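Position chain L relative to chain Y; hints supplied.
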Amino acid sequence: MLKPVNILLVGVGGQGTILATRILAKAAQDAGYDIKVSEIKGMSQRGGSVVTQVRLGQRVYSPLIAEGNADVILAFEKMEALRWLPYLKDGGSIIVNDQAIAPVPVLSGAAVYPEDCLERVMKLAPNTIVVDALNVALQCGNPKVINVVLVGLLAKKLSIDKELWLNALKTRVPEKFIDVNMKAFAEGYNL
Amino acid sequence: MKELLSGNSAIARGAYESGITVGAGYPGTPSTEILENFAKYPDVYAQWSPNEKVALEVGAGASIAGARVLVTMKHVGVNVAADPLFTLAYTGVSGGLILVSADDPGMHSSQNEQDNRYYALMNKIPCLEPCDSQEAKDMVALGLEISEQFDTPVLLRVTTRVSHSQSFVEIKEPSPRDLRPYAKDPLKYVMVPAHGRLRRVFLEERMARLKEYSENSPLNFIEWKDTNIGIITSGISYDYVQEVLPQASILKLGLTNPLPENLIKQFAAGVDKLFVIEELEPFLEAQIKAMSIKVIGKELFPSYGEFSSALIANSLAKAGIDVAEEFQIKDQAGKEAAATAEPLPGRPPVLCAGCPHRAVFYTLKRQKLVVSGDIGCYTLGSLSPLSAIDTCICMGASVGAALGMEKANPEMGRKTVAVIGDSTFMHSGITGLMDVVYNGGTSTVLILDNRTTAMTGHQENPGTGSTLMGKPAPQVDLEGIVRAVGVKRVRIVDPSNLKELDQAIKEEVAALEPSVIIVRQPCVLLKGTVISEPVEVDNDLCINCGVCLNLGCPAISRQEDTVSVSAIQCRGCGLCIQVCNKKALKKRGEQNA
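Protein chains in written order, with the numbering used here: chain Y, 1 to 191; chain L, 192 to 784.
Where hints are given, some of them may not hold.
[Claimed, not checked] As a list, the in silico EDC-like pairs of lysine to aspartate or glutamate whose alpha-carbon atoms are at most 16 angstroms apart:
#1 778/L / 729/L
#2 480/L / 452/L
#3 89/Y / 71/Y
#4 193/L / 30/Y
#5 3/Y / 516/L
#6 456/L / 403/L
#7 89/Y / 517/L
#8 89/Y / 527/L
#9 489/L / 472/L
#10 402/L / 452/L
#11 679/L / 626/L
#12 89/Y / 516/L
#13 162/Y / 187/Y
#14 193/L / 361/L
#15 777/L / 729/L
#16 3/Y / 34/Y
#17 456/L / 414/L
#18 416/L / 463/L
#19 315/L / 403/L
#20 379/L / 342/L
#21 3/Y / 517/L
#22 123/Y / 527/L
#23 402/L / 342/L
#24 718/L / 651/L
#25 26/Y / 194/L
#26 193/L / 34/Y
#27 363/L / 194/L
Hints are computed from structural coordinates only; laboratory data are not their basis.
Computed from a prediction, not measured in an experiment: that's the story for all the values here.
Here chain Y stands alone, though its shape is the one from the complex (with noise of 0.2 angstroms):
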């Protein structure tokens, strides 16, 4: 049996990680694989950092990937691919949006943001695509598509057609926004 593709979504709260995994997790339904996906909730509202795990295959029993054992990271915050980069398979691919989101200890000046945690992400993991994607979405004409930027990026690692994401998204978004989120998911798998 082939074994699941694991995906982890590391952000800060109000990222939109959640759509994202919303999107996959609809394109890989309509792909025919059997899926789990893991969100915890709670505090991430309140400026906490997000994490949704997602396996796809065959059959999927645990909801949760182990250290060592991710396939892809989908970064939407650098400082959190650094933290999360312990669950990185040897081989696997880390998606780094290059924002930096300062936590509280940071801005009052309690503890300093990591400047070159990039530079360590590379070092380690030599799959590391690194994109501007807030100037992307920006690009799009809505910073709010970072996260469908991230998406496009994510598709080309994954092996599901093209079309059922793009049937995803028009499925998973709000109508008057899917030509931005079209545009959004194009930018990111094509960059």
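Frame of chain Y; chain L shown alone:
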């Protein structure tokens, strides 16, 4: 048709499909979404109660009146509902009754980690433990059958990981929903001692019948594979075990009270080495050991924290058991070292920008008061830099604890206040306040009234003016309640005026009689809350003294020579303007005040 549903959505779907028409509960992570989802189905009634005890009592009445019933709460909520539960176990039900207890191994958002399976043991009622969304849904349907067949409430015990994980669920059409006819039956429903003694015997008979059922229930089954290793497991651990030990034989227990003793003995006899893998307490293990079966459990696997495949694999590897290849210890040292070279700054949750509670905790800290805290968003006032809370025990505890401090040490009482949210006050703070008045306390209680149940995601409550079903409702008059229990010093303060708030707290703490300050301002995330212009920094005036940073507002950050305010995050509450001594902060488009 298959749908990808969370465990909580699946329970709601199961309730709808199997003819549950009444749902009641109190919000609490990880249980909240069950009732929220259930309320969306047609032809059902769902409500938030002021607390879990009332919710279960509403459920009891609805069941006696003949409806199938769903009652939901988080694990600690069952403590509040324990009083009706223990006697509901005696009376039994008419319409089937499912009580969902959402436990929180790992304490993702809870104050303790209690294992509520013991409630089933102590109450002598069935306990069901699903491992995924499909089982969660199926166990609602089957649980209702068990409830009605055996005349008992049924505990459906889920955990955070089951509640908040999504997996495929087969969707069915709802079945017809007729009420059972009501029949007056005092011997069954009037629990005076004489009747209680009869039902006490019934309890034992029921357990004996349930035990027999447990032996043959489809919820308890053996998967024979390699017989060198046998695993007895329940709940989400079953998923982990299948991954870690794909070749092991498994006894999967879905009905974990009462246990199928013969099935367990049969399984134990068929394997060479037997393990029990269960999250939290040795609930199964202790009972299995009492059957004189040799089994390895908590000496290998922790009795606290959340499990995962990796944790189980590591524990088994220590005992020399071969685990699946992907769980063998890998060399992640390089990546670990990079991620932890110097500890990465944490990302703790924080009071939102513009949160009305911030002014309160800023003021309490400045006045160096002892703060008896409570459960809600405002518990975040305990975190740095506000660091303004001394205790947090359970829902409603702030008021009684403040009185206790005063009785033990009157001098301490002179500088102690209790803080409690509006929803928490109605949940279980009112009785505490009555105690303060009745027993001559002089505490000051601050009711942080943000017009909603904020922490769990804005659920309606008796003060919000609307119900879970979206209907308008009368609003509880907090001021009236406070006066009615005998508090004479009552005032309502808007926390956006820091000076007024500071003065009010000083005066009420100084008063030698009970007092209540209702600190009223709606949650900044609530729909309809007015967001004003963001604050800007005048770099010529800012001396980077850091006073505004003491507010712990996520919109304000320290730069090299000045502070800066994020125009995206700032909600324009103006609190920082009030604390700045240099008048360096002002609303966009305004002159300095």
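So, going through the hints one by one against the coordinates:
Taken as a hint, the residue 778/L and residue 729/L pair is honoured in the structure, with Cα atoms around 11 angstroms apart against an allowance of 16 angstroms. Note on residue 480/L and residue 452/L: the hinted pairing holds, with a Cα-Cα distance of about 11 angstroms set against a maximum of 16 angstroms. Distance check on the hinted pair: residue 89/Y and residue 71/Y sit about 6 angstroms apart at the alpha-carbon level, within 16 angstroms; holds. The hinted pair formed by residue 193/L and residue 30/Y meets the criterion: a straight-line CA distance of about 11 angstroms does not exceed 16 angstroms.
Restraint check for residue 3/Y and residue 516/L: the C-alpha separation of about 11 angstroms stays at or below 16 angstroms, so the hint holds. The straight-line distance between the Cα atoms of residue 456/L and residue 403/L is roughly 14 angstroms, inside the 16 angstroms bound, and the hint therefore holds. As the CA atoms of residue 89/Y and residue 517/L are separated by approximately 10 angstroms, the hinted pair is consistent with the 16 angstroms bound. Using a Cα cut-off of 16 angstroms, the hinted pair residue 89/Y and residue 527/L holds, with the two alpha carbons roughly 12 angstroms apart.
Distance hint between residue 489/L and residue 472/L is fulfilled; the C-alpha atoms sit about 8 angstroms from each other, no more than 16 angstroms. About 8 angstroms separates the Cα atoms of residue 402/L and residue 452/L, which keeps this hinted pair within 16 angstroms; it holds. Simply put, residue 679/L and residue 626/L have alpha-carbon atoms about 14 angstroms apart, close enough for the 16 angstroms limit, and the pair holds. Using a Cα cut-off of 16 angstroms, the hinted pair residue 89/Y and residue 516/L holds, with the two alpha carbons roughly 13 angstroms apart.
Between residue 162/Y and residue 187/Y the alpha-carbon distance is near 13 angstroms, which keeps this suggested pair within the 16 angstroms criterion. Our distance criterion of 16 angstroms between C-alpha atoms is met by residue 193/L and residue 361/L, whose separation comes to about 5 angstroms. Our distance criterion of 16 angstroms between C-alpha atoms is met by residue 777/L and residue 729/L, whose separation comes to about 8 angstroms. Restraint check for residue 3/Y and residue 34/Y: the C-alpha separation of about 12 angstroms stays at or below 16 angstroms, so the hint holds.
As the CA atoms of residue 456/L and residue 414/L are separated by approximately 15 angstroms, the hinted pair is consistent with the 16 angstroms bound. Simply put, residue 416/L and residue 463/L have alpha-carbon atoms about 12 angstroms apart, close enough for the 16 angstroms limit, and the pair holds. Of the pairs offered as hints, the one joining residue 315/L and residue 403/L holds, with about 14 angstroms between alpha carbons and a cut-off of 16 angstroms not exceeded. Taking the CA atoms of residue 379/L and residue 342/L, the gap is about 10 angstroms. The hint holds against a cut of 16 angstroms.
Under the criterion of a C-alpha separation no larger than 16 angstroms, the hint pairing residue 3/Y with residue 517/L is consistent with the structure, at around 9 angstroms. Note on residue 123/Y and residue 527/L: the hinted pairing holds, with a Cα-Cα distance of about 13 angstroms set against a maximum of 16 angstroms. Only pairs whose Cα atoms come within 16 angstroms are accepted, and residue 402/L paired with residue 342/L is accepted, the gap being roughly 14 angstroms. Restraint check: the Cα-Cα separation between residue 718/L and residue 651/L comes to about 13 angstroms, which is no more than 16 angstroms; the hinted pair holds.
Taken as a hint, the residue 26/Y and residue 194/L pair is honoured in the structure, with Cα atoms around 10 angstroms apart against an allowance of 16 angstroms. Between residue 193/L and residue 34/Y the alpha-carbon distance is near 11 angstroms, which keeps this suggested pair within the 16 angstroms criterion. A C-alpha spacing of about 11 angstroms is found between residue 363/L and residue 194/L, which places the hinted pair at or below 16 angstroms, so the restraint holds.
Violated hints: none; the structure is consistent with every hint.
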